[in-house]
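The residues making up each chain are set out below.
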Amino acid sequence: MTPISRRGLLKTGAAAGVLAATGMPLKAQSRGGTLRLGLAGANTTDSWDGRTHSDSYMIMMAHGAVFDCLTEVAANGELVGELAESWEASADAKTWTFKLRTGVTFHNGKPFNADDVIASLNMHVEEGASSAAQPIVSSISEMTKLGDHEIQFVLANGNADFPFLLSDYHILMYPSDDIAGAIQNGIGTGLYKVDSFEPGVRVLLSRVEGHYKDGSAGWFDSVEAIAINDSSARMTALMTGQVDAVNRVDFQQEPLMRANPNINIFEVTGNQHFTFPMLTNLSPFENLEVRRALKHAINREEMVEKILQGHGAIGNDHPIGPANQYYASDLPQNAYDPDLARSILANAGLDGLSVDLSAANAAFPGAVDAALLYQASAAGAGIDINVVQEPDDGYWSNVWLKKPWCACYWSGRATEDWMFSTAYESGVPWNDTQWENARFQELLLTARAELDSSKRGEMYGEMQALMSAEGGTVVPMYANYVDAHSTALTNSGTVGNVFQMDSSRLVERWWFA
Amino acid sequence: MGSILRIILQRLALGVLTLIIVSLVIFAAVNALPGSFATAILGQAATPEAVAAMEQTLGLDKPAVTRYFSWLFAAVQGDFGTSLSQANFASFAGSVADTGVTVADTLAPRFRNTLFLAGLTALIAVPVAVTLGVLAALYRNSAFDRATNIFTLSSISSPEFFMAYVLILFLAVLNPWLPSLSNISDDMTLGERVRTSMLPALTLTLIVTAHMMRMTRAAIINLLASPYIEMARLKGMSPFRVIVKHALPNALAPIVNVIALNLAYLITGVVVIEVVFVYPGIGQLFVDSVKTRDIPVVQACCLIFAAAYILLNLLADVLSIISNPRLRHPK
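So the sequences go chain by chain: F and C. The first sequence begins at 0 in numbering that gives the first Met the number 0 and counts up one residue at a time. The second sequence begins at 0 in numbering that gives the first Met the number 0 and counts up one residue at a time.
Just to be clear, a hint being listed does not mean it is correct.
Said to hold, decoys possible - Quick look at which bits of chain F chain C covers, simulated, 3 or more residues with Cβ under 8 angstroms:
(1) 104 to 116
(2) 199 to 209
(3) 326 to 338
(4) 391 to 405
To be verified - Straight line, CA to CA, 30 angstroms or less: simulated DSS-like cross-link-like pairs of lysine-lysine:
(5) F:K402 <-> F:K305
(6) C:K61 <-> F:K402
(7) F:K402 <-> F:K454
(8) C:K234 <-> F:K401
(9) F:K401 <-> F:K305
(10) F:K192 <-> F:K305
(11) F:K212 <-> F:K98
(12) C:K244 <-> F:K401
(13) F:K212 <-> F:K192
(14) F:K144 <-> F:K192
(15) F:K192 <-> F:K109
(16) C:K244 <-> C:K234
(17) C:K290 <-> F:K402
(18) C:K61 <-> C:K290
(19) F:K305 <-> C:K61
Claimed, not checked - So the derived list for chain C, only partly shown, Cβ under 10 angstroms to chain F, looks like this:
(20) Q76
(21) F79
(22) S82
(23) D186
(24) T188
(25) V275
(26) Q283
Think of the hints as simulated: they come from the structure by calculation, not from any bench. Treat the numbers as computed from the prediction; the structure is a model and nothing was measured. Even for Gly, the Cβ is constructed at its ideal location relative to N, Cα and C.
Construct the complete structure from the given sequences, taking the supplied hints into account.
In structure tokens form, the structure reads like this:
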């Protein structure tokens, strides 16, 4: 990997890479046309309830077109206001005051104000509701409406990333007078309103006239999003010109698509990473030497080459990715070194280590093959990995968090604190390593309330180093987001890397050339 | 004719019994699968508390026997309930109020699409298959007969998705005549629908033709050895007239049976074709529902599939009785 500065990658690296890859000329924005999307990740269980969103189709439709959040991660990685105009924090990062945008209306005509924010946030902590954003909202101990367009949040503990967290695709703003109706019919403040919605089949959207983003986003008159879960069908649809853009390019068909002069493939490395978490409270993984040996017994380059067909980057056994603000690219890389792994084990008196590794393709595409590659590379270090193929059904409830060592994926989080506190803070439900390190936990709490960016950077750097050296998870690779579009479409030249399809905002940000 | 009516009523009663047994088997099978609706929906987020909360809201914490009988009781009265995923939205919306979307509402548009595709395919496939069968019987062992056999048998022997991709290659990619996406919708005119659905219909035609064509050919050839056909020939009738006028009516029973089986297949078994062409039929909905363990939808789909087989077979039997004077007037 070439050395890249932390924010530099977001600001220039990603943009330059995309431009170089696609050779796309920059053109002035123009309104008009119907954008046709062919998207994977649709289900018959889809709805407009942001709390349930987890797959690309509904995230693109709701977060990326119909609804708005309070804040937005711009294509260059900067945090900007969406429904919030500005915000400021107290010195301890505990009290946050947000000024809301005025003159915004929902698609049902209701004006947007502070009541909507309070009601929309409360949806996530309602009794009986299961929301992935519940931990974020429950960290707010008090919400006060200071005026129609001003709101104050008091947090239980200081959190410098709070405005970042509000850009999460689950935390959409609903009209407080009719949340149930808005969930049923898709009523938000976004650039596009819902004309028709058939779950798992099709969504039709049309542009709202007189929108606050006029002139900066929303160039298509209407949008048709067709659910195409089969990857061959999706690629064919793009190649025969029936759709203008598709997500999740099929690597088998990629050379064919590259050869097509009417198609551009765009690719970004984000935070999505695949992992092999070990439960460090169980034998033999409670032994640091075992974990170290296993980290040197995996051939990451080979895995990127064979599992991701080169569409990714090698990982370094911590969950912070290139799309994160304080990504430590200068850490020493845990490299494949069978002799080192062998001598680590020999010194610890653990010759002939034999471990079970549970995997199913539900963990990530190609997880079973990845486990077999791991088995082969570890054999060179004298480690016997027994790959246990688990059923896809019930993988997350029966294998993950239960079996001592398994395959897993993380889509990554926008901030370091969010990622660490989702899966590596002691006691959280998704802690899939049970790794207890006093220094790590202490840094996590201190960094959270630290408003000084350079100090936070140091702390997060140390945390990444700690995890990489001692932590309980093996992170072989970051998987790129690889999408494709017809040359009829164009963009500003900067493509977001928080999520696929320009951070799910292709509908807002792109236009017909 | 009274006997036919009696047979129909008997068969219908047996059919209802079959449906109940089918529903019981399916219910038991879906329950025996690992995972539940809650774990399927919550995925990685399935903490024990979240699963318990969702199961309680949806009434999934009750014993399976209770759930089956309350479903059966409602179903007998024509109420197939609310799909779990829809009920789930309602509870998420924070209101107990029903979203008003029942299983029937979810299924109806998909089932209409499936019937449309099956109907379109049948309109193409049945005349083609019967004509080819008659011609093959007429010119049996000729080059035409062999060519037809080889073509239909190789298309039925290839996997469905392969035939689909071959047609996409020739009719959508190399010669952009037909759309490769068959995402039909209600706002299309009939002409547009037919054009959009043409590729899946042609693929299915290739798949079902061989059965019907081979059965037509075999049934007719079988009869050609009968004395009355020899008599007709001796009268000096043309071979075409012998086959169409004398042999075909007597060969109808087996042909109709095979056609009915194939129609039932078109209604129940075209998931792969739906996926390849992104056709919004009932098959994809069924697979999705099994994946998420949405039992009410799975049950309703299975009942539709079973009913299609039962009714089409019944129809085939009735038609073969009507076409056979010996059965029509039993001693």
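(request) Against the structure, test the hints numbered earlier, and report the numbers of the ones violated in rising order. (result) Violated: hints 1, 3, 7, 8, 10, 12, 19, 20, 21, 24.
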